[in-house]
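Chemist: Sequence:
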Amino acid sequence: MKVLARGYVWWPNMDAEIEQTVRACHKCQVNRHAPPEAPMHPWEWPSNPWSRIHIDYAGPLRVQQKQQRQKQSHDKTAQVRNFNVGDSVYILSHNREAKWITGTLIKRTGPVSFVIELNDGRTVKRHQNQIRHKYDQYSDNKLPDISEIPDIPIPVVSDNQADVETPSGSSDTSDNSKSVVKPTVETPRLTRTRKPPNRYGDFVYN
2 MKVLARGYVW
12 WPNMDAEIEQ
22 TVRACHKCQV
32 NRHAPPEAPM
42 HPWEWPSNPW
52 SRIHIDYAGP
62 LRVQQKQQRQ
72 KQSHDKTAQV
82 RNFNVGDSVY
92 ILSHNREAKW
102 ITGTLIKRTG
112 PVSFVIELND
122 GRTVKRHQNQ
132 IRHKYDQYSD
142 NKLPDISEIP
152 DIPIPVVSDN
162 QADVETPSGS
172 SDTSDNSKSV
182 VKPTVETPRL
192 TRTRKPPNRY
202 GDFVYN
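Residue numbers (our numbering): 2 to 207.
Hints listed in this document are in silico derivations from the structure and should not be mistaken for laboratory results. We put the beta carbon where it would ideally sit given N, CA and C, even for glycine. Just so you know, not all the hints are guaranteed correct.
No farther apart than 27 Å at their CA atoms in a straight line, the calculated lysine-lysine pairs in the DSS-like style are these [claimed, not checked]:
#: 1; residue 1: 77; residue 2: 28
#: 2; residue 1: 3; residue 2: 72
#: 3; residue 1: 67; residue 2: 100
#: 4; residue 1: 135; residue 2: 28
#: 5; residue 1: 108; residue 2: 135
#: 6; residue 1: 100; residue 2: 28
Each pair of labels, with its calculated beta carbon distance range [stated by the list, open to error]:
#: 7; residue 1: 6; residue 2: 111; range: 37 to 47 Å
#: 8; residue 1: 97; residue 2: 130; range: 38 to 48 Å
#: 9; residue 1: 49; residue 2: 74; range: 31 to 41 Å
#: 10; residue 1: 123; residue 2: 73; range: 33 to 43 Å
#: 11; residue 1: 154; residue 2: 6; range: 38 to 48 Å
#: 12; residue 1: 49; residue 2: 72; range: 22 to 32 Å
#: 13; residue 1: 49; residue 2: 89; range: 28 to 38 Å
#: 14; residue 1: 6; residue 2: 54; range: 53 to 63 Å
#: 15; residue 1: 15; residue 2: 103; range: 21 to 31 Å
#: 16; residue 1: 47; residue 2: 14; range: 23 to 33 Å
#: 17; residue 1: 136; residue 2: 49; range: 33 to 43 Å
#: 18; residue 1: 49; residue 2: 23; range: 39 to 49 Å
I would like the entire structure built from these sequences, with the hints used as guidance.
Modeler: Below is the structure:
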């Protein structure tokens, strides 16, 4: 979108203003693709004994080392996104009506899990990868309406040379200042002598 806009018009901070406009556009947000995935969250260390049991705590296994390599490979393209209770968000919808629907984040159930209240009163649980921030319409640097732009008269340039006024006293010198147009002499095109090639002329026969 930004590349297409630069082909028609440009102004300072155009890229940033286009990004803000798209973020605040509801139709753009409900039809956009999913955000980058969040970094993989490892098992948290338990706060007291026997509060959580996992096989990962048994020792440094080969599976654990493989999981660490998978996490490093996954986090190269991941993007950290922070959410707080009370934020207006878009969540991924599982029905066919809309791809993204709006709601309010009301509870955090885990490091990357949240409970969202929809506009119709329902509550759903979503992972961080299925949540995006919702930006309100901004009013800074708002472009003026077309009716508010004043009309600027455009000067009309006439092609008729008779409309151009010449100052008095310059008619005598105008004839002398006329440039003499010399006729152009066309240079004749060079020609070449056409003759058949001298075949076998360089060979010496014994």
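Chemist: State for each hint whether it applies.
Modeler: Here is what the structure says about each hint:
Taken as a hint, the residue 77 and residue 28 pair is broken in the structure, with Cα atoms around 30 Å apart against an allowance of 27 Å. Taking the CA atoms of residue 3 and residue 72, the gap is near 33 Å; set against the 27 Å cutoff, the hint is violated. Between residue 67 and residue 100, the direct Cα distance comes to roughly 35 Å. Violation of the 27 Å bound is thereby established for this hinted pair. For the given pair, residue 135 sits about 12 Å from residue 28 by alpha-carbon distance, which is consistent with the 27 Å threshold.
A threshold of 27 Å between alpha carbons decides the hint, and for residue 108 with residue 135 the separation of about 17 Å falls inside it, so the pair holds. For the hint pairing residue 100 with residue 28, the CA-to-CA distance comes to about 11 Å; that is within 27 Å, so the pair holds. Separation of residue 6 from residue 111 is about 41 Å and conforms to the stated range, judged on CB atoms against 37 to 47 Å. Remark: the range hint 38 to 48 Å for residue 97 to residue 130 is contradicted by a beta-carbon distance near 21 Å.
Checked against the hint of 31 to 41 Å, the pair residue 49 and residue 74 passes, with Cβ atoms roughly 33 Å apart. A C-beta distance of roughly 38 Å is found between residue 123 and residue 73, which places it inside the suggested range of 33 to 43 Å. Taking 38 to 48 Å as the suggested C-beta distance range, the pair residue 154 and residue 6 does not conform, at roughly 29 Å. Hint check: residue 49 to residue 72, Cβ distance near 26 Å, so the stated range 22 to 32 Å holds.
In this structure, residue 49 and residue 89 meet the distance hint of 28 to 38 Å, their C-beta atoms being roughly 37 Å apart. Between residue 6 and residue 54 the C-beta distance comes to about 56 Å, which sits within the given range of 53 to 63 Å. In this structure the supplied range 21 to 31 Å holds for residue 15 paired with residue 103, their Cβ-Cβ distance being about 28 Å. Between residue 47 and residue 14 the beta carbons are some 50 Å apart, a value that contradicts the proposed interval 23 to 33 Å.
At roughly 41 Å, the beta-carbon separation of residue 136 and residue 49 lies within the given 33 to 43 Å, and the hint holds. A C-beta distance of roughly 47 Å is found between residue 49 and residue 23, which places it inside the suggested range of 39 to 49 Å.
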